[in-house]
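Those protein sequences? They're chains A and B, same order as listed.
Here the first sequence is numbered in the working numbering, starting from 20 and rising by one per residue.
Here the second sequence is numbered in the working numbering, starting from 248 and rising by one per residue.
Because the hints were derived from the structure by calculation, they are not lab data.
Remember, predicted model here, so these are calculated numbers, not experimental data.
Sample of chain B residues at the chain A side, in silico, Cβ under 10 angstroms:
hint, residue
1, Leu444
2, Lys448
3, Ser449
4, Tyr456
5, Ser457
6, Ile458
7, Gly459
8, Ser460
9, Asn461
10, Glu463
11, Thr465
12, Ala466
13, Gly527
14, Lys528
Every residue gets a Cβ at the ideal spot worked out from N, C-alpha and C, and that includes glycine.
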Amino acid sequence: MTEPILDITGLNKSFGPVHVLHDVDFAVRAGEVTALVGDNGAGKSTLVKCVAGIYGTDSGRVRFRGEEVHIRGPKDAADLGIEVVYQDLALADNLDIVQNMFLGRERGSAWLLDEANMEQAARETLASLSVRTVKSVRTPVSALSGGQRQTVAIAKSVLWDSKVVLLDEPTAALGVAQTRQVLDLVRRLAEQGLGVVLISHNMADVFEVADRIAVLYLGRMAAEVHTKDVTHGQVVELITAGRSGDIGLARPENAVL
Amino acid sequence: MTAVKAPAPEQQAGGGLVTAVKGRLQQLLAFASLLVIYAFFSFASPYFFSYGNFTAILFSTVVIGTLAIGTTFVIIAGGIDLSIGTGMALCAVMSGVFLTKLGLPLALGVPAAILFGGLMGLINGINVALLKIPPFIATLAMMLVAEGLALVLSDSAPIYFNNVPGYTDISTGNLIPGVEFPNAVLILLAVALMAGLLLTKSVLGRYTYSIGSNEEATALSGIDVRRWKIAIYCFAGLFIGLAGVMISARLGSAQPATGMGYELQAIAAVVIGGTSLSGGKGSIVGTLIGALIISVLNNGLQIMSIPQEWQNVILGCVILVAVYTDRIRKKEA
Chain A
20 MTEPILDITG LNKSFGPVHV LHDVDFAVRA GEVTALVGDN GAGKSTLVKC
70 VAGIYGTDSG RVRFRGEEVH IRGPKDAADL GIEVVYQDLA LADNLDIVQN
120 MFLGRERGSA WLLDEANMEQ AARETLASLS VRTVKSVRTP VSALSGGQRQ
170 TVAIAKSVLW DSKVVLLDEP TAALGVAQTR QVLDLVRRLA EQGLGVVLIS
220 HNMADVFEVA DRIAVLYLGR MAAEVHTKDV THGQVVELIT AGRSGDIGLA
270 RPENAVL
Chain B
248 MTAVKAPAPE QQAGGGLVTA VKGRLQQLLA FASLLVIYAF FSFASPYFFS
298 YGNFTAILFS TVVIGTLAIG TTFVIIAGGI DLSIGTGMAL CAVMSGVFLT
348 KLGLPLALGV PAAILFGGLM GLINGINVAL LKIPPFIATL AMMLVAEGLA
398 LVLSDSAPIY FNNVPGYTDI STGNLIPGVE FPNAVLILLA VALMAGLLLT
448 KSVLGRYTYS IGSNEEATAL SGIDVRRWKI AIYCFAGLFI GLAGVMISAR
498 LGSAQPATGM GYELQAIAAV VIGGTSLSGG KGSIVGTLIG ALIISVLNNG
548 LQIMSIPQEW QNVILGCVIL VAVYTDRIRK KEA
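Using the sequences plus the hints, can you model the full thing?
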């Protein structure tokens with residue numbers, strides 16, 4: 020078993036009186052895809068935003084590559100090499116692919132950006148991910164299809180020598196062929212040695228690409244299991260009831276909500 | 248390089264080449280309209296087509312053009328600045344205060360007046376970015392403040408620059424020996440070039456587009472949107488200051504009550520030039536063409552002795568047509 024690259028223990032997060040995350044433990048391993056599943060309101064997006072530094076946490080420890088770290092803002096997360104691809108895709112429509120991929124981390128001087136260098140790097144990154152659906156890296160993002168936009172957003176996240184990439188429902192709005200492309204891309208990220216977290220509602224997607232499945236149930240981590248050890252049915256039970264046979268949370272009557 | 252590389256059209260996604268042409272369509276249309284209007288007046292009036300009138304048109308574009316260039320940044324970033332007109336009058340008054348009342352030398356007083364414009368922009372930026380006041384309201388308030396301050400600081404009377412040697416040369420002098428080409432136009436072209444380069448080549452320009460295009464995405468990319476918004480308003484403020492210097496140098500006096508109305512002409516120039524009021528799109532070249540269209544119209548209609556009232560009606564219609572073609576184009580896209 021490999022040492023997790025990102026290891027979260029005892030994470031708590033409340034919004035006012037609403038306790039969203041209860042003592043959540045969550046680990047991400049390099050070279051693996053960890054699926055983060057759970058029903059609506061289970062706390063998946065909240066957990067991701069805590070890791071990304073968008074939300075502060077109430078308590079809990081975050082260890083990155085074995086060292087304890089404090090993520091106080093998106094910048095801290097980015098500096099560690101943690102990147103998030105958001106569900107509503109943080110892309111600027113009027114900018115082209117290169118400009119989007121380098122947004123916030125432009126190369127060259129502040130007065131004269133090195134466009135040739137960025138264009139080259141963008142091409143290389145897309146090529147390393149075997150992305151062939153995008154014809155020109157100077158196409159404005161507004162002219163791209165949903166799958167291509169997702170591809171650009173993912174490519175943006177790996178451009179930075181990132182170590183951990185969190186994908187928030189990357190296939191939610193895509194058709195069959197585009198979902199195929201994005202899942203292949205997700206697999207390739209892990210093969211390149213990144214720790215990949217995939218948030219998804221789609222069990223087929225999860226079982227296809229994930230090495231492990233972490234199930235959130237009402238803000239608690241119900242289970243973290245190897246994909247090969249469980250069935251679709253068990254995961255669905257974990258999502259809807261928080262337990263399935265021997266795995267999962269203790270019986271509800273014993274749990275303190 | 249930012250040069251548009253004609254990419255192979257991609258059926259499913261609309262195609263890069265088509266997009267590139269569409270992206271410039273409003274600019275091309277504006278430029279074609281400018282030529283058509285220019286040709287029309289050349290035939291309609293025997294007095295219109297001459298070198299003298301050509302430079303006169305350029306000369307009369309300087310103030311609106313300068314204001315419009317700064318405003319282009321603000322509008323591309325998804326904001327608006329209504330304070331540029333009266334702000335310009337205030338900066339003209341400040342130039343008068345610095346040069347005549349405080350007796351600063353030209354080399355100090357002029358930059359000070361320009362920086363004063365930057366200060367106004369800074370306050371606009373802080374109001375918009377930090378205090379989250381909608382740009383329309385924040386700059387409307389600044390418009391009133393500037394209008395009042397200009398009158399207060401000048402005792403409601405023009406400040407004359409008779410005792411400041413060389414001041415009017417800033418605008419009306421001829422730097423190029425032997426050629427009748429006013430300095431004001433050279434200055435406009437120089438700042439337009441600088442602004443154009445900044446908008447397309449620098450980080451400031453890149454973030455101006457990205458903030459106007461998707462502010463949330465820009466913030467999620469680790470960019471301090473508030474700081475850059477303040478920088479953009481502040482930068483646009485420098486153009487307010489410069490316009491104040493240019494207009495007072497042209498007139499030989501600072502007129503405290505002349506600013507109102509310039510902001511709308513400048514915004515009209517920006518919009519005619521293809522910059523989207525919803526942000527994320529626009530160019531300095533387009534803005535210059537827009538400002539020229541307004542000048543050519545004003546000049547040509549005056550030469551043809553069309554009453555001022557009708558000139559405004561025609562200008563209003565031109566703005567509507569410009570925005571309307573932009574809408575049609577968006578629908579097609």
